[in-house]
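Engineer: Take the sequences, apply the hints, and build the full model.
Take a look at the letters that make up each chain.
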Amino acid sequence: MHRSDNVTALAPTGRLKDAFLRRVLLSDSFVLFLAVVYFLVLWAFLPRLGSARNLSNLSSNIWPLFVLVIGQMFVLIVGGIDLSQTSIMAITSVCGALLMTSGLDPALFARNPLWGVLVSEQGGPLAGSIAAVPVGILVMLAIGALIGLANGLAVAKCRMPPFMVTLVSMFFFSGLAILITRSENVTNLPVAFLAIGQNYLGHVQAGRSTVGLVPYSFFAGVALAWAAWFILGRTIAGRWFYAVGMNRRAATASGIPTDRVIVCAYVISGFCAALGSVLYSSRLGAGRPTLGANVLLDIVGAAVIGGISLYGGKGKVRWAFYGVLFFVVLDSSLYMLNLRFYTVNIVKGAVILVAALLDVLRNRVRMGRTPTGPRVVV
Amino acid sequence: MTMKALLRTVVLLGTSAVVVGALSCSRRGPQEGQLTICFAFQDLETEFWVAGHKAITETLRGKGIRVLERNANQDANRQLEQVRDAIAQDVDGIIIIPQDGESAVTIVGEANRAGIPIAVFNRPPSDRSKPALVVVADNEEIAEEAVTYMAKVARQKRRDRKWKPLIVVGDLGDRNAVARRQGFFNVIEKNPDLFETPIEVPSKWDPATTLANLEAALQANPDVDFLFTSSDFLYPQIRAVLEPLGKWKKIGEPGHVILGGLDGDSTAYKLMEEGYVDATGVQDLFFEAHAIMDALLDAIETGHRTPEKWIEDPGFALTQENMAERAKDMWGYRVLRGQ
Chain A
33 MHRSDNVTAL
43 APTGRLKDAF
53 LRRVLLSDSF
63 VLFLAVVYFL
73 VLWAFLPRLG
83 SARNLSNLSS
93 NIWPLFVLVI
103 GQMFVLIVGG
113 IDLSQTSIMA
123 ITSVCGALLM
133 TSGLDPALFA
143 RNPLWGVLVS
153 EQGGPLAGSI
163 AAVPVGILVM
173 LAIGALIGLA
183 NGLAVAKCRM
193 PPFMVTLVSM
203 FFFSGLAILI
213 TRSENVTNLP
223 VAFLAIGQNY
233 LGHVQAGRST
243 VGLVPYSFFA
253 GVALAWAAWF
263 ILGRTIAGRW
273 FYAVGMNRRA
283 ATASGIPTDR
293 VIVCAYVISG
303 FCAALGSVLY
313 SSRLGAGRPT
323 LGANVLLDIV
333 GAAVIGGISL
343 YGGKGKVRWA
353 FYGVLFFVVL
363 DSSLYMLNLR
373 FYTVNIVKGA
383 VILVAALLDV
393 LRNRVRMGRT
403 PTGPRVVV
Chain B
3 MTMKALLRTV
13 VLLGTSAVVV
23 GALSCSRRGP
33 QEGQLTICFA
43 FQDLETEFWV
53 AGHKAITETL
63 RGKGIRVLER
73 NANQDANRQL
83 EQVRDAIAQD
93 VDGIIIIPQD
103 GESAVTIVGE
113 ANRAGIPIAV
123 FNRPPSDRSK
133 PALVVVADNE
143 EIAEEAVTYM
153 AKVARQKRRD
163 RKWKPLIVVG
173 DLGDRNAVAR
183 RQGFFNVIEK
193 NPDLFETPIE
203 VPSKWDPATT
213 LANLEAALQA
223 NPDVDFLFTS
233 SDFLYPQIRA
243 VLEPLGKWKK
253 IGEPGHVILG
263 GLDGDSTAYK
273 LMEEGYVDAT
283 GVQDLFFEAH
293 AIMDALLDAI
303 ETGHRTPEKW
313 IEDPGFALTQ
323 ENMAERAKDM
333 WGYRVLRGQ
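Chains as they are written, first to last, in our numbering: chain A, 33 to 410; chain B, 3 to 341.
It should be emphasised that the hints constitute simulated quantities derived from the structure, not laboratory data.
A portion of the hints provided could be inaccurate.
Unchecked claim - Some chain B residues judged to face chain A by a derived CB distance under 10 Å, without partners named:
| hint | residue |
| --- | --- |
| 1 | 70 |
| 2 | 80 |
| 3 | 89 |
| 4 | 300 |
To be verified - Taking lysine-lysine and the DSS-like style, the derived pairs with C-alpha atoms no more than 30 Å apart in a straight line are:
| hint | chain 1 | residue 1 | chain 2 | residue 2 |
| --- | --- | --- | --- | --- |
| 5 | B | 252 | B | 132 |
| 6 | B | 164 | B | 252 |
| 7 | A | 380 | B | 166 |
| 8 | B | 192 | B | 166 |
| 9 | B | 56 | B | 272 |
| 10 | B | 206 | A | 380 |
Only a predicted model underlies this, so the values are computations on that prediction, with no experimental measurement involved.
Heads up, the beta-carbon is just placed ideally off N, CA and C, and yes, glycines get one too.
Structural biologist: The structure is reproduced here in structure tokens:
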């Protein structure tokens with residue numbers, strides 16, 4: 033039975049209010065609704081929240097995180113989790129930067145194990161080449177996908193717990209990133225690479241200077257979102273992801289190649305982490321062995337806020353976007369409120385907790401287990 | 003939980019957010035003509051940063067300036083986002099303690115583009131391509147001065163074999179760490195007859211990393227007898243490693259490791275007073291904090307949006323020889339004495 037039919041069926045029983053709440057609560061756009069209401073309410077108190085400069089900041093902050101959350105979403109849908117996304121960001125960031133850099137300081141890099149072999153004072157092997165940026169980015173994406181492949185094979189073929197596999201990956205590749213750079217940031221990256229994270233389209237006047245409204249990272253985010261939407265919503269493979277996440281055994285019995293589906297989810301996650309690495313590295317202007325070290329909470333938090341289930345089988349690209357949007361708006365607003373830094377962390381943690389609670393409640397309502405209403409089959 | 007209870011919870015949370023927002027705005031909003039300065043720091047993990055944070059925030063607030071504090075929790079990307087948020091709030095000036103020299107360049111560029119004067123406290127940008135107010139200690143000189151005293155002590159203890167030096171190196175993404183390491187090596191290279199090849203132990207400015215790496219280094223090289231730490235805040239870890247090996251001894255006792263560091267915090271002062279540490283390089287924290295604030299306020303007052311000035315803190319080395327006269331100039335001593 034369709035959800036709206038259920039709601040209509042409940043109305044004559046005198047539960048109009050419950051029916052309305054259910055409609056809102058179960059709506060695909062619930063988090064978007066929350067984000068918009070939250071933004072509008074706070075805007076009344078904080079006019080600068082809607083200023084061109086702040087909108088530009090929000091726009092710049094949303095897309096790199098969105099890319100990472102899309103990758104995490106695939107893994108969450110198949111009932112896993114990918115803790116290694118942060119370390120994939122770190123290792124791809126330094127590998128790509130070492131290939132593209134046009135100069136390294138011997139005082140900092142002479143003790144590097146790659147010194148004289150792959151890199152030198154004149155930079156990496158692609159230094160000054162026209163192909164530096166595309167090849168560098170392709171290598172970054174390939175490394176991300178390969179690490180995802182290794183994670184996926186360990187989870188699917190060896191039946192190892194995703195938490196353990198990706199935790200080990202996280203430690204290993206974070207350590208490797210530090211080892212091959214000796215903790216140094218890799219600078220002197222090509223201007224074209226930096227433009228990806230730092231340049232915008234469409235500038236408007238904001239105070240004494242202009243601000244860009246559409247960052248280049250927007251195009252990467254939208255392209256990836258479209259591809260993810262197409263895979264999940266328009267292909268048989270997309271249905272397989274959900275089926276595996278809902279019940280792996282039943283999916284196997286139905287003839288779905290579950291192992292391949294799981295491996296694919298981790299490969300996509302690794303690829304997205306690498307793409308996120310491209311966006312963050314170019315934004316910060318350096319390959320960083322510690323890139324993304326603190327972003328895992330943001331990724332999982334945004335996914336959970338968006339309604340992507342940690343139990344698998346549930347998640348959509350637009351939910352991921354709504355989650356990221358709410359998370360980024362929340363983050364920005366808390367700073368605009370000038371709360372103390374520890375208060376900001378407390379509030380963010382509380383919001384993620386409430387989001388997880390809401391997810392449980394929405395599931396219960398969907399399954400018709402609320403004490404106030406009859407069982408509803410969706 | 004029923005739907006009604008859920009509704010109540012959501013309404014309560016929403017209302018709370020609005021009330022918190024309204025209260026925050028009313029309490030913390032700038033008054034007419036009041037200056038607002040954003041103080042963005044990477045974290046407060048050492049006594050040096052805590053004391054610097056306190057000196058800056060209290061002084062600015064004492065002048066009636068509104069201070070927006072932003073803690074990046076050692077995340078360069080977060081710090082960039084926080085500074086951008088502050089720029090969106092039209093702050094009058096920015097003081098940052100950057101995560102590292104590279105991210106400082108990017109953040110200074112953001113402030114330059116927005117036409118907001120920015121001051122960098124103690125951790126300088128990796129290059130000077132973008133204008134900023136920077137205060138930084140002459141780390142190489144201070145480290146060299148402290149290690150020179152340690153070398154003098156070593157030479158006075160005439161013996162047949164060379165000394166085995168070890169340096170606990172900071173995060174080399176930080177120019178301060180690079181300069182301190184260089185200061186140490188300047189002295190080692192000037193005294194080839196006195197020292198063997200030094201052992202370098204990376205700390206990444208992290209106590210746990212230091213503990214693990216130092217333990218490993220001393221297992222492999224138990225004959226280390228000359229130790230310099232790039233930051234005083236790592237003394238607890240050094241003691242934890244030396245003590246079980248019977249190497250945590252006072253000056254004059256057999257087995258004493260000649261010990262020195264840099265920063266000038268209260269732990270270093272106490273250890274010098276107790277006779278465990280031979281010398282420590284001292285940054286003049288209070289001079290640095292006040293110099294950077296004065297420079298920034300001056301730029302704001304004169305309408306200079308991209309001021310450029312490098313202020314150098316010459317610092318000094320506090321040694322067992324000059325301790326009686328110069329201890330009062332050490333910021334760690336003054337913190338300890340509540341001054």
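Engineer: Does each hint fit the structure? Answer for all of them.
Structural biologist: For each hint, the structure was consulted:
1. Proximity of residue 70(B) to chain A holds as hinted, the smallest CB-CB distance being about 6 Å (cut-off 10 Å).
2. The restraint placing residue 80(B) at the interface with chain A holds, with a minimum CB-CB distance near 7 Å, inside the 10 Å limit.
3. The interface hint given for residue 89(B) holds, since its Cβ lies 7 Å from the closest Cβ of chain A, which is under the 10 Å cut-off.
4. A cut of 10 Å between beta carbons decides the hint on residue 300(B): the least distance to chain A is about 19 Å, and the hint is violated.
5. Using a Cα cut-off of 30 Å, the hinted pair residue 252(B) and residue 132(B) is violated, with the two alpha carbons roughly 47 Å apart.
6. Distance restraint check for residue 164(B) and residue 252(B): the Cα-Cα separation of roughly 21 Å lies within the 30 Å cut-off, and the hinted pair is therefore satisfied.
7. Annotation: proposed proximity of residue 380(A) to residue 166(B) is violated, straight-line Cα distance about 50 Å (limit 30 Å).
8. Between residue 192(B) and residue 166(B), the direct Cα distance comes to roughly 15 Å. Compliance with the 30 Å bound is thereby established for this hinted pair.
9. Distance check on the hinted pair: residue 56(B) and residue 272(B) sit about 21 Å apart at the alpha-carbon level, within 30 Å; holds.
10. Using a Cα cut-off of 30 Å, the hinted pair residue 206(B) and residue 380(A) holds, with the two alpha carbons roughly 29 Å apart.
The structure fails hints 4, 5, 7 (numbered hints given earlier, in ascending order).
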